[in-house]
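Enquirer: Residues per chain, in single letters:
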Amino acid sequence: MEADWSSRWDHLQKIVERGGPFAHPDFEPSPEILGFLKDSCKILVIGAGGLGCELLKDLALMGFRDIHVIDMDTIDVSNLNRQFLFRACDVGKAKADVAAAFINARVPGCKVTPHYAKIQDFDDFFYRGFHIVVCGLDSIIARRWMNGMLIGLLTYEDGELDQSSLIPMVDGGTEGFKGNARVILPGITACVECTLGFYPPQINFPLCTIAHTPRLPEHCIEFVRILLWPKEEPFGAGVAIDGDDPKHIQWILEKSQERANEYNISGITYRLTQGVVKRIMPAVASTNAVIAAACATEVFKIATSCCLPLNNYMNFNDTNGVYTYTFEAERLEGCLACSNKPLSVTFSETDKLQDIITYLQENASLQMKAPGITTSMGGKNKTLYMQTVKSIEARTRENLKMSLKELGLENGQELYVADVTTPNTLTLQLQLATSMDNS
Amino acid sequence: MASQKKGTLDKNNKYDRQLRLWGDHGQSSLETARVCLINASATGTEILKNLILPGIGSFTILDGNKVQGEDVGNNFFLTADSIGKSRAQVATELLSELNEDVSGDFLEENVDDLLQKNPAFFTSFTTVIATQLSERTLLDLGKVLWTANIPLLVCRCYGFIGYLRVVIKEHTIIESHPDNFHEDLRLDYPFRGLKEYCDSLNLETMDKKEHSHTPWLVILYKYLQIWEEKHGGKMPKNYKEKVALKELIKEGIRKNENGVPEEEENFDEAIKSVNSSLNATGIPSDIKALFEDPSCLKLNSESKNFWVMVRALKEFTENDGNGFLPLRGSIPDMTADSERYIQLQTVYREQAELDSIAVAGHVHALLHNIGRKGTISDTEIKTFCRNSAFLTVLRTGSLEEEYGADTANTEELGRHVMMEEEEDASDEGDDTVLYILLRAADRFFTEYTRYPGFFNNSVEADIPKLKACLVKLTHDWGLSAGLKDDYIQEMCRYGASELHTVSAFMGGVTAQEVIKLVTGQFVPINNTFIYNGQRQTSTTIKL
Ligand SMILES: [Zn+2]
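Just so you know, the sequences run in chain order A and B.
According to the UniProt record's numbering, the first sequence is numbered sequentially starting from 1.
According to the UniProt record's numbering, the second sequence is numbered sequentially starting from 1.
Rather than coming from a laboratory, the hints here were simulated on the basis of the structure.
Keep in mind the model is a prediction, meaning the values are calculated, not measured.
Where a beta carbon is used, it is the ideal one built from N, C-alpha and C, also for glycine.
Do not take every clue at face value.
[Stated by the list, open to error] From the derived model, a few chain B residues whose C-beta atoms are all more than 10 Å from chain A: (1) S29; (2) P119; (3) A244; (4) I357; (5) G371; (6) V393.
[Stated by the list, open to error] DSSO-like cross-link-like pairs, simulated, lysine-lysine; straight-line CA separation at most 27 Å: (7) K222/B - K240/B; (8) K542/B - K178/A; (9) K11/B - K247/A; (10) K246/B - K195/B; (11) K209/B - K246/B; (12) K11/B - K178/A; (13) K272/B - K288/B; (14) K11/B - K93/A; (15) K278/A - K11/B.
The shape of chain A in the complex, shown without the other chains (with noise of 0.2 Å):
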């Protein structure tokens, strides 16, 4: 494959083909490094929305030619103001597709392929062939899932981290005009688990202002959606909220106006009502621009070691001049995802199986959404509780209200949990308290 033309890559050799003083130590200049990108190095890129296609961009034009981009969406009229890769005539296609063709159409001699479906839907196989993993997505769920393939694969002999094993993670995320990046290295540097304090859970109005004290527009709002829509079904029975559809937003804005009125409340528009059902964030091209390339650069420093990677987290805001803020994230000693060691949790016996499943979702670094739980027992797989799985979710559910004694569960045992968050099943070793020791 030749596509190159005279003075192309004039730019790059400089930074490859030249020692300085600020080089990785094992840097060693030399034109194979600019040969790895082009022919060896194979990238993937989670997301073809506003971080992914400015990072398939910038990755084609610094040499990277063997891309991979997956993403499940497609194109809506409120991504053209910043997914350039994008035209009126694209919507509703698949992103990762026009994307991908987009970019091989521009840079000549880079080959982008593009799934369009969900990370789940590959296995561990498909990310092993990876050198490097860049991610820029909205979703928390879908980053902790990826972190928790990435470490998944690392292989470990008598305790020692096997180096090979170790696949990169490099991360965006933005809002509005905040962004950040981080570089992960799984098994060594902090991971998403471990910092999940810097993802604060969503917080949700309580039920009872919506339903008796409303005093905000978005109060009305969500009365209508999460109260009015289930009960009254404007659009048949089982419909769902379509936020895309402006009949559906027009009939929520206008039963929130109702609402509004009777409280005198003032402030709700057609755009404050799409946003609070959709739980829209802003977003502008700039930001997105900045943290990919951002992400860009380290990706390029990891596969040429032309200089340090950055160590390993940075914060971006530019609503008040320009401020950015880079520090060492530091390691969760004991972390469920990446400390390679099983989580110890203390309760009583006299404690019910929901109060395993509330602590799963409620403490601070597990926020898990719906976890399975199962263990062994005399040497059989038992299933304690699953909601994932209808037909399971009804057979135990009566478990929950069970106390772990009246489970049969013991001290020491090990309880296996499976989440939306991970790819893995996570061990719990279980220190059983007697209700003695406990009061």
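Given chain A, work out where chain B with the ligand should sit, using these hints.
Expert: Only chain B with the ligand this time, still in chain A's reference frame:
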């Protein structure tokens, strides 16, 4: 008419995510702006991309160069088959595809020639963005735009270094959108409406539900009254007194028949708010400084709306306002029944309305006195009043001052040169040195008409030459110190290369600064931003 309506709807959808940041009025300012980009470098097209996508009115690219092989290597808006064609034209065509609502134009001409022939070309734009200009051209351009008070943004990427300079004589901001601010509640100086409303409520006689749904603002007002009665009319000043006030409020929580306190969220909120809500109401020092600004004190028929309103604000605070700014008129959400929350909100809103009307009175009298044409709308005055604690004026100083040996900010620069010298070999650095290095590279260019390390065969040989340039530069500033050799060596490694990701980073940063200037919202940098792509750090310095 019908089709026009459809057009607006589409824009609402297309720009939805950004309208939530700068509003419809910000968007319409953006859509009437005309920007000029000098040189369609990788950095230049990345900046434009981030202006075209959100819908800038129009852009014009001025570039006399032909597309070269290395340009296509780092620039997404040039193609291999365009090598040898006009760089301005090719980039304009490819950038125009991004947004059909934006009109693009180009001029294939040498910047220096145009500055000689037709400097008025540059002053026909709202904003000018310059990339890849030599020091001499830049200073000439800077002079033309400074005189015309047109903002100039100078952006450049050099290896892993990003540089942005904003040059504007004066830029005034009403809507600065601060991330953090104190609420304007006036509990220390309650206005009449607030007093009347709070006094009309009696905590003692309320039933249980009413008691636990009284807004914390009212509770705090009540307990402050009790406190002040006991303390000679004085508010709690220090930590100890605030703790005592919290205790006092805590005692007010209703108890059940067993003497156990009920759960009253509103009281918890009142206690929590003691620390944050008892800030003394006053005029921020930045705003006081504006009151003494010559533009405020010496209004004339040419005065901008902003300064007329600042003067009106000053007069308001000295008269009707009793030493305070107009009330902002908003309150945070709090546990309360709908009725009383809305009543309280209305109390604040109405006072804000009265204050804004009073300010408008001063505005109209001032306009009359100075004989200025055109009026200032009530909406504008209202927005101004609501933001009166956050007004910001930006004066960046000119490039001429920055580059003049006598006027350069040598104190600031000297501090960083010294700091570098004192440091041992640690990798801790200060990104300001990158600015000094860029200036040294420019000095090198002036002497040798090429950048240090531009050619592969002269990288080593250029190191001592660049070092000599640096010594001359710092000498001109009256500084004797130099920089670590490591930096000079690294600078020669870069050889003026423009890495796409550094360009993309600076393209995002620079475009947003343009949007701030054009919309008059959010606060731009003052005046130089340096990005260190190696360490992912940055700094902003005023030079
Ligand atoms: Zn971890």
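Enquirer: Hint by hint, where does the structure go against what was stated? Just the numbers, ascending.
Expert: Violated hint (a single one): 13; every other hint is consistent with the structure.
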